[in-house]
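Here is what each chain is made of, one letter per residue.
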Amino acid sequence: MGIVEDTLAALGITLPEPPAAAANYLPVRLAGDFAFVAGQIPRIDGEMVASGPVPSSQSPESAKAAAKVCAINALAALKGALGDLDRITGIVRVGVFVASDANFDGQAGIANGASDLLVEVFGDRGRHARAAVGSVALPLGATVEVELIAQFK
Amino acid sequence: MGIVEDTLAALGITLPEPPAAAANYLPVRLAGDFAFVAGQIPRIDGEMVASGPVPSSQSPESAKAAAKVCAINALAALKGALGDLDRITGIVRVGVFVASDANFDGQAGIANGASDLLVEVFGDRGRHARAAVGSVALPLGATVEVELIAQFK
Amino acid sequence: MGIVEDTLAALGITLPEPPAAAANYLPVRLAGDFAFVAGQIPRIDGEMVASGPVPSSQSPESAKAAAKVCAINALAALKGALGDLDRITGIVRVGVFVASDANFDGQAGIANGASDLLVEVFGDRGRHARAAVGSVALPLGATVEVELIAQFK
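Residue numbers (our numbering), protein chains in the order written: chain A, 1 to 153; chain B, 154 to 306; chain C, 307 to 459.
Bound conformation, chain A alone (with noise of 0.2 angstroms):
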């Protein structure tokens, strides 16, 4: 294993499988050095883990909780597309879609479920910027969806 797969086992994370491209599109596409993560969201083991809008269906809590099961399958679809999470450099955009009733502003700190996950697992490299926005809907009903340019080498 390399240095980032062995912070994330000392964090308890275990990544799943890369998942499989859905439709016409990739999980992760390649271009110069950067990695453009398709948006992930909230799924485990095929099972969408936090579904709804914040708060009337889901606590702010379990969709900051929701936010990181997003970065841990960016994770995943890297590490499917580069083969070793170490040949990341950096992580460049984070773009935060919450699900969210039309009078919630806590977009911010569901998003931080990403980020922080990001800068535990990369350190300084893993600071990025960062668009967090509400949504009226997303796909399959996910609370939030996550997506991400990385670069690599």
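Check the hints yourself; a few may be wrong.
[Claimed, not checked] Result set (DSS-like, lysine-lysine): computed pairs, CA atoms no more than 25 angstroms apart in a straight line:
(1) LYS153/A / LYS459/C
(2) LYS153/A / LYS306/B
(3) LYS306/B / LYS459/C
[As the list claims (entries may be wrong)] Covered stretches of chain A (in silico footprint by chain B; criterion: 3 or more residues with CB under 8 angstroms from a CB of chain B, positions within the stretch not fixed):
(4) 25-33
(5) 53-65
(6) 124-138
If you are wondering where the hints come from, they were derived from the structure by calculation, not from laboratory data.
For every residue, glycine included, the Cβ atom is placed at its ideal position computed from N, Cα and C.
Starting from the known structure of chain A, fit chains B and C onto it as the hints suggest.
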């Protein structure tokens, strides 16, 4: 005509004129070997072909067809910027916003209208990372908006 | 002062202090010759100047002015990361999320508040690809959120 335009012709697709910039932004912005295409809405000859959210105003089927129109408009924009679509070496990332009622969860299926067209036209190099999300409302009442990043030579 | 800051002064715009990162993400992430600016909300001296959706809580005019504030905050963030705004060679992509009621369709006009400022400041190299979309709710109740990618030397 080049290879890509031959393919489009074989698919029965005629590209519209490249769009003009609507304001202080561009249909396509080139940066390095990336071409960033602005968000495209489903207009044909200036007329919106699908308005309002899914499913209350549009069926998933018509929204998927509208996503294909957006992708065709993106190709027209790229032709305007690059002169020749054969300069495109790949589609990198596609963002699809679907005007959605609060309980609609089929954004991925609608986004396939854009993804499938891009792979029909470009083959494997048309396969891309993708984020598909719901939006409460889109410009001019569009049912779908598609932006993308291509790579070119 | 450099050329860009002279232009800002001539426009009567004083840049605020660069924002601090709010959590494990950065106001600006540099990668290659791209600068990714995190989503900016319309705060002046820490106070939100436009909250809630258009048009029920904010008029299109005040939302457009708020988009300009977001763009100014993005420039402050870029100055913090690059030291000198004259290092910016162009604005590549701008993403504008507008808190919207379900039947509002004027997101493009609001996004012009950001686009127009960027072109006033940078001239033709400030012209960019853009996606403007509606959002059901944004962080801290912001009426608009603007993220962007610049190129720098």
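Next on the checklist: I'd like to know which numbered hints this structure contradicts. Please list them from smallest to largest.
Outcome noted: The structure conflicts with hint 5 only, although it agrees with all the remaining ones.
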